[in-house]
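Student: The opening position of the sequence shown corresponds to residue 41 in the numbering used here, with each subsequent residue numbered one higher.
None of these hints come from the bench; they were simulated from the model.
Just to be clear, a hint being listed does not mean it is correct.
Said to hold, decoys possible - Computed Cβ-Cβ distance ranges for the label pairs, DEER-style:
| # | residue 1 | residue 2 | range |
| --- | --- | --- | --- |
| 1 | His207 | Gln148 | 31 to 41 angstroms |
| 2 | Lys77 | Tyr104 | 19 to 29 angstroms |
| 3 | Asp168 | Ile101 | 17 to 27 angstroms |
This structure is a prediction, so every number in the text was calculated from the model and none was measured.
Even for Gly, the Cβ is constructed at its ideal location relative to N, Cα and C.
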Amino acid sequence: TFPVLNAHMIDGNYVMPFAVSLELMAHAAMHENPGLKLAAIKNARVFKGLVLPQNNPNAEIGLYAGKAVLNAAGLTEVTVELKARQDGKSYTVAGAVIGLAGTLAKPQGKAPAMSAKTYALSAKDVYDQVLFHGTILQGINNITICDANGAAVTAACLNKPQDIMAHPLRSNLLTDPLAIDSAFQLASLWCFENHKTVSLPSDFANMQIYGAFKAGKAIRIVLNVTSVKGQIMKGDMRFFDGESVIAEIT
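Working from the sequences, and respecting the hints, build out all of it.
Tutor: Here you go:
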């Protein structure tokens, strides 16, 4: 039911991408709150990766949404958990607080100037030599810079929901798992370039959404690294459609 798993294999096992978990949790929050828009994803975290062996790629997954609560800023918040049952055991895969609103907030700031410097490896080289992602998740088109402070790429938005799940929960995606996973890939590439190791996303405090990820559209993703402590890298990620910020992860 999730074709994307064929493009996200680690040590010979299928692994549910964090970006897909976010999409599923957003749908769960929207189910009992029709008419609102996805405005934010807060306190998002992977608790235990959903890992499926090739010889037994089966698990039951469920989405559990709490009661909607209106916060002081007027945002409707729904706490959601993605849970799995596998080999007779149940566990929580991921969780987040999904923020819904009638209208989206307006972004602050503009896209930074493009650097004339280019990264030594092409996108093809990166997928062949550094990252493990298969064709469906190879969203990065061009790496414009990757230095000690951060990195920037141009990337593609997803063409159709069926690339992610065989039977989409809605006709349109609420986020864009390809674009978001490309941002996580960018962070992994930065770790490789600066610390000779790749990374996987584990959590973030807030994703603010200002506009739509348009199917098949080329966007720009900019990573600003804010701290590195041991094996943990933290940073801000911004998604640009031309000069407009369409989302940011902090």
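Student: If you check the beta carbons of lysine 77 and tyrosine 104, does the distance land in 19 to 29 angstroms?
Tutor: holds, 22 angstroms
Student: Within 31 to 41 angstroms: is that where the Cβ-Cβ distance between histidine 207 and glutamine 148 falls?
Tutor: Holds - the Cβ-Cβ distance for histidine 207 and glutamine 148, about 38 angstroms, lies within 31 to 41 angstroms.
Student: Could you check the hint for me, namely that aspartate 168 and isoleucine 101 are 17 to 27 angstroms apart, CB to CB?
Tutor: violated, 32 angstroms
Violated hint for the displayed structure: number 3, the only one.
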